[in-house]
Amino acid sequence: MPRLSIEEVEHVAWLARLRLSEAEKQRLTGDLNTILAHFERLQQLDTTGVEGTSHAVPMSNRYRDDEPRPSLPREEFLREAPDARDAFFVVPRIVET
Amino acid sequence: MATLFAKVETVLGMEVHAELLTQSKMFCGCSTQFGAPPNSQCCPVCLGLPGSLPVPNRAAVEHVLRTALALNCRINWRSIFHRKNYFYPDLPKAYQISQYDVPIGVDGYLDVRLDGEVKRIRIRRVHLEEDTGKLFHIEAATSFVDYNRSGVPLMEVVSEPDIYSAEEARAYLRALRLVLVWIGASDGKMEQGSLRCEPNISIRPAGTTELGTKVELKNLNSFQSVYQGVAYEVERQTQALARGEELVQETRRWDEERLITAPMRTKEYAHDYRYFPEPDLVPLEFDAPWIERLRAGLPELPEARYARYVRDYGLSEYEASLLIERDQPQVSDFFDAALRAYGGDPKRVSNWMQSDFLRLFNAAGEDWPAVKVRPEHLAAMLKLQDKGQISGKIAKEVFEVMWTTGKPPEQIVQERGLQVIGTEEDLAPIIDQVLAQHPAVVESIRKGEEGKFNFLVGQVMRATRGKADPGLVNRMLRERIAG
Ligand SMILES: [Zn+2]
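Taken in sequence, the protein lines are chains A and B. Numbering follows our numbering, in which position 76 of the first sequence is assigned residue number 76; successive positions increment by one, without gaps. Numbering follows our numbering, in which position 258 of the second sequence is assigned residue number 258; successive positions increment by one, without gaps.
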């Protein structure tokens, strides 16, 4: 029983900026539905009184003190950028205001 | 048609973003200094390089906790970060670390003063996130990106739709800004963008309760533009409705030059952020000792101070505002300390604060660290005046010297010989001389021209450079004229 349509897979792929071939869309729709079906099975478990879990490790409150540390030299990371000019990263213009 | 919508109500909710006053960024040690050269404050964490891991800045978390407490919020004992996913080059990770369903503070309120009334505006949530980088659209096809601001701790304060006019929107923002500045969470610099305000505005026929179509407004960089932008938008929506047009839910940008709002082109699916718990960050857990320590460290807040000044000290709202509505709570701290040391009429201390203190303080560019005068010295000066040891005119001179030197008033009076000439013996020769110089005036006073008496008092004061005890001068002149 498919939960996810091919259109929904296309939408999710768009949100993640993934370009999928028709064959990939077919395959992923099947895979994702298998995963959903599996979770549906898990959901049959009675979890009354069990608190939701957001994190897998039993740990909280890890902080750092507010102390500045040296940053990276600009040349080191601008060199890795797809495009850079002067002191800036350069990106395609996306949205106008 | 126009009459159908003649009566409309404006309903606003406000989203305010404040960069928090920390030395380092939210999840890495890069500096938060404003105005540094582009991309000079970046590292693998705030550039979103693979393999880097964020670690939260405790000071930023505490700023949000303190803000939540100052805004009377309930603290969520356990709070978590979420990822807000979107593709836009202002954030290099393709997601912003933010908070979603368990923000740090919820369900608070802020009391706002407007035209002598106190209005309570409910606060929906206070949460912590990271700021984005800055894009510069200089060329047609490309944008330039500076990631210095990427990862700077950012707090969002969201109000309930309890605001009903442009005036209220401005008053709310003023009051909120003052709280944030006083508790040290934000520098409140709207012009530098460290405090940003996005109202969402809708109108509805008066008397109805359903909210109308919401329009979000951006690019409001001052109190004035908040006021003007909201007022413009209310008018635009009212007229559109009157013409029978349908309003669309959209984001509009305030154009400061043309004084209009214009729609911003926004991305399709922009609101499909697919939030999920940030796996790289463990939950924040607060306990009573931590919260109570922060609460105890909060200063008295502006509204509490207002209430005290107006109710307990009998100051007018305007007088109270001159002391309180300042980025430096030290001004009203000074007033309180001087009043404590003086122990007399609060109005008298307030008058000195308003006329002399604030005149000099404002003239010196409101530079608090440069203030030399001490509250105890103002109190001592007032006592000297009360005891008749210096005159009102001399007090003004003493205050100016206290302001520039920080010396106590007794020392200034001593060094400059400013004590009142308070004995008949000292005053007699001066008074006799004045009378001798103005026989005609004396004569006309004897004939009933009472108005000329003050002229003689003035002459004596002038001769003593204001140091004579006015009561004594009056009595001695009277005695001699009656003679
Ligand atoms: Zn960094």
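Each hint should be verified, as a subset may be incorrect.
[Unchecked claim] Label-pair restraints from in silico Cβ distances:
| no. | chain 1 | residue 1 | chain 2 | residue 2 | range |
| --- | --- | --- | --- | --- | --- |
| 1 | B | 248 | A | 3 | 47 to 53 Å |
| 2 | A | 68 | B | 291 | 50 to 56 Å |
| 3 | A | 65 | B | 369 | 21 to 27 Å |
| 4 | A | 85 | B | 49 | 44 to 50 Å |
| 5 | B | 239 | A | 53 | 51 to 57 Å |
| 6 | A | 39 | B | 275 | 46 to 52 Å |
| 7 | A | 70 | B | 372 | 35 to 41 Å |
| 8 | B | 136 | A | 39 | 20 to 26 Å |
| 9 | A | 68 | B | 246 | 48 to 54 Å |
| 10 | B | 368 | A | 39 | 44 to 50 Å |
| 11 | B | 368 | A | 65 | 24 to 30 Å |
Simulated from the structure, these hints should not be mistaken for laboratory data. Beta carbons are placed, not taken as given, at the ideal position from N, Cα and C, and that holds for glycine.
Status of each hint after checking the structure:
no.	hint	in the structure
1	B:248 / A:3: 47 to 53 Å	violated, 33 Å
2	A:68 / B:291: 50 to 56 Å	violated, 27 Å
3	A:65 / B:369: 21 to 27 Å	holds, 26 Å
4	A:85 / B:49: 44 to 50 Å	violated, 20 Å
5	B:239 / A:53: 51 to 57 Å	holds, 52 Å
6	A:39 / B:275: 46 to 52 Å	violated, 18 Å
7	A:70 / B:372: 35 to 41 Å	holds, 38 Å
8	B:136 / A:39: 20 to 26 Å	violated, 44 Å
9	A:68 / B:246: 48 to 54 Å	holds, 51 Å
10	B:368 / A:39: 44 to 50 Å	violated, 59 Å
11	B:368 / A:65: 24 to 30 Å	holds, 27 Å
Violated hints for the displayed structure, listed by number in ascending order: 1, 2, 4, 6, 8, 10.
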